[in-house]
Amino acid sequence: MSGFPWLTAILLLPAAGALVLQLIPGRAADLIKGVTVVVAAAEVVLVAIVVYGVATTSAIGGGPLPMHYVEQANWIPAIGASYHLGVDGVSAWILALNAGVFLLGALVVPRRSTERLKLFCGLMLLAEAATTGVLISLDLLLFYVFWEGMLIPLYFLLAFYGNENRGRATLKFVIYTVAGSLLMLLAILYLHFQALAGGHNTFDLEVLLQNPLPAQAGVPLPFTTIQTLSPAMFAFLAFALAFAIKLPIVPFHTWLPDLYESAPAPALVFFAGVVSKMGAYGFIRFGITLFSGPVHQLQPLLVALALLSILYGAMMALSQTDLKRIVAYASISHLGFIALGIFSLNQNGIDGAVIQILNHGIIIAGLFLVVDVVEARTGTRDIRELGGLQKRMPWLYVFFLVITLGALGLPGTNGFVGEVTIMLGAFQYFWLLAVLAGLGVLIAAWYMLRMHQGMMHGPVRAVTEKVHDLRFREGLVLAPLAVLIVLLGVYPHPVGDVTAQAVPGYVTLADASQSPVAIPTAVRYGAVP
Amino acid sequence: MNALAALPLATATPGWHDLVGLLPELIVAGGFLALMLLDLVVPPARRTWLAVFSGAVLVGALAVSVWGWYDAGSAGRSVFFGAFAYDRLAEFANCVILVTTLLTVAISPGYLNRRRLHHGEYYSLLMAATVGMMLLAGATSLMVIFLAIELLSISLYILSGFSRQEERSQEAAVKYLLLGSFASAFLLFGMALVYGETGHTQLAQIAAAMSRSLPVDPLLVGGIILMFVGLAFKVSAAPFHAWTPDVYQGAPTSVTTFMSVATKVAAFIVIIRLFDDAFASYYSRWSAVVIAVAILSMVVGNLAALTQNSIKRMLAYSGIAQAGYILIGVAVGVGTPLGVQGALYYLAAYAFTNLGAFAVVTVMSGRGEDLDSYDHLRGLWHRRPYVAAALAFFLLSLAGFPFTAGFIGKFLVFAAAIQAHNVALALWGIGTSAVSVFYYLRVTLIMFQRPKEDAPAYEWPRTGWAGSAVLLVTAAGTLVLGVFVVLVLTVASMAQAGTLPGT
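Chains as they are written, first to last, in my numbering: chain R, 1 to 529; chain G, 1 to 503.
A few of these clues could be false.
[Unchecked claim] Here are the simulated distance ranges between beta carbons:
(1) G:Arg383 to R:Arg168: 23 to 33 Å
(2) R:Gly34 to G:Arg383: 23 to 33 Å
(3) R:Val20 to G:Ser74: 42 to 52 Å
(4) G:Leu26 to R:Pro25: 45 to 55 Å
(5) R:Glu115 to G:Arg168: 53 to 63 Å
[As the list claims (entries may be wrong)] Covered stretches of chain R (in silico footprint by chain G; criterion: 3 or more residues with CB under 8 Å from a CB of chain G, positions within the stretch not fixed):
(6) 270 to 283
(7) 296 to 305
Bear in mind the hints are in silico, worked out from the structure with no lab data behind them.
For every residue, glycine included, the Cβ atom is placed at its ideal position computed from N, Cα and C.
Modelling step: build the complete structure from the supplied sequences, incorporating the hints.
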């Protein structure tokens, strides 16, 4: 790669933007928002360059996971922590999603009605820097710092802005995640000292992957002869808990509906679109690679929980009447699909999971944007009070239809591509899984169409009587999402090819038991509408 | 063992080299005496000049301490016949203590003027306490340890009762005095036992005698544990913490700022010197006690902080919990260099962070009384955004979030615990940290809430340039220690390596 530190640049640009914002007087709302949007757009350009580089050049590094744009420097030499950055086919598109969704979030910040706009925009930019850091860190300690650091701006965004229940919901979320990630810190320290005992003073992912944990027996419980789980298993569980809470997988999801309900739209778009994907990314990058033994032992449990998330989320979405809660539970269901793909531990499953991370990010951002527009116009999110928006808001109807179809996984939309690839992976692991997951898709069609009909069709109600259609700017935000949903549905190669070049490394590390079945590209990507 | 045992004790007289070892302490002690005299000539309206003079003295002592860091070298040397260590650990502690005092002095005039407490004795007492702390950090003889503790304690007893018109302050002083004397008695009794069993007051010789006295001497173990009790009181570790909330709340906030940080630093340095160095050969006998106190402090401090509604009391309980985290480093510090390094890093991090948090309370205190209830903080974010942001940052650091000093401190002591195969201790730390997030973040939420309609409006005072500078320095320190770890970790490891007496 060229000498320019691209990854440091994409990491620091949003943080620098947040600093620049502090120089602007608080009254200049237009300028504050303008700078935020410009920084977000510049970030999209930089990330696009990086993704293009990943797609067009071959990875460097002889490690188990070849990386692009690698940067390495000492950080805390005494304990071997380093500033090690890199990007590969798995993280490249998630980075793009991150930058893209964030730009949308910045565009929809209501600059007149947001209290302390400068603080809000600054926190958004810091959150973007932190999520970027999570995606490009190849050092476990550095990863942890960004992972946990991400919570700080998110906490303030969600705790300071949003509806009146936000305080409780946010504290619940933060304490949940902190408890999970502190255990992960312990596991990281365990890995470090295991490596140190083997002569490597390091937190570096690549070195740790080359020196896998030895298979150890369980630890005896004090005062008994009972053997507990092995240390490696404990370490995996600590990682898995942190990722499962963030994703979230049922039964660690209870923070999500309350938080989504109380969050302000720009933060929510970002949160639902990107932050929840960090759990999935963590499982792929760290969970299944560092702990192939424990992962295989626990695979039945993990896929069962993923399946539970799909079905439970879908059933709950079906029974809600609040638009945000419907989308929140739908999100749990869709994230269950991603988890299912990952835990299938084969090429198709992981491939599909990465594709679906991108696709779901686009879809969920669209759904929340639509919900936000509707709530702003009508003052309600109750599906029973809405109706007839089709007649009043024809443009919204078109965009929402595309997003709905993507969410229910209609062939020809990007949702189908991801889900079908995941189902192929699940099928390869155990056919019944794919059948049950298919049930989740069926229910998805039900609740998405119920939501769509409830809002759009039927007679015009009191609250929808005087609403006006999308403004040009709002349409400008929704249009790219709708275009991407269709485009990635009929032509998914750019995503799939980049992903497919990196995933075999992960599959090898996870030591998948089945060899991936060669599937014709057309079927694999569902290019047949 | 080192060369100290061979020193001819009776004939030698202290020379120039011995005085060099005490130079920073001597400068501050000179400042203390000069301040008492200056107070007589400076008119009451100009007492801020006393603060300026104190600041100049402290900066001078700080410069000498930094020079001393290099002069003492990595080996360090013993001065005054083994009574005092001129080593990097002492100079490290001096720097932290002096910076703390300097920042306290900077926020004091504004606060004292508002509270109508601006008397000249304040600065001389602050200096006396500082000398006591610096002496404590360098002490390697039981006698010097005791004298230094008394010097700092007596100064602090007076300072806690400095607001003479206020009952709460008087109550704090009496409580601190009574319980403090009790703790000193424990310490002294423990010292008597250690002296009785080893026949020495110098730590180097005690350490030598201890390693000879194996198998274990029960009276010696008793003495060590009693000494720990006395010192645990000074660092306000549970179950010896009962005084902390009342004294922290009752004392004038600038005094609380000072003693919550500097006392802890000095007392922890001597704990490290005693337990991780001099008493290292008895590690297996005292470690269980230290671990139990560490766990208890983390649990009691964090749980009690949950229910507080005064920020001073909350920070007091949080300080108890922080003492528990630092004790983790002490408890595993004998076999693991990372333990002591982590504890030292934690101390530096804690100094900046806690000082910053209390400085916010100090500069936001109103006329006549301290505004320390959570209700008084409501809406701060809207009226004083930078001060509120600073407090939020310090609270995040205390909670141990990344990009703050508190995270690295916690990380290092947990890492040390795991390296010492004491995963349970790290788990206790992690569990209580997760709990602590709740009460730290709750304060940040309250600051963003709009004041209640019927609540009286509080006019927060202007921060002033000195207050702003202190907040800026502490926030910068917290950030730098949280990101550029190498700087202070190197210093901490050098301080840990260059500790006298080496056993």
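Now for the hints, and whether the structure bears them out:
1. G:Arg383 to R:Arg168: 23 to 33 Å: holds (25 Å)
2. R:Gly34 to G:Arg383: 23 to 33 Å: holds (27 Å)
3. R:Val20 to G:Ser74: 42 to 52 Å: Check passed, 44 Å falls within 42 to 52 Å.
4. G:Leu26 to R:Pro25: 45 to 55 Å: holds (50 Å)
5. R:Glu115 to G:Arg168: 53 to 63 Å: Since the Cβ atoms of glutamate 115 of chain R and arginine 168 of chain G sit about 36 Å apart, the hinted range of 53 to 63 Å is violated.
6. 270 to 283: Coverage by chain G is violated here, the residue count being 0 at a Cβ distance below 8 Å.
7. 296 to 305: violated (count 0)
When the structure is compared with the earlier hints, violations turn up for hints 5, 6 and 7 and for no others.
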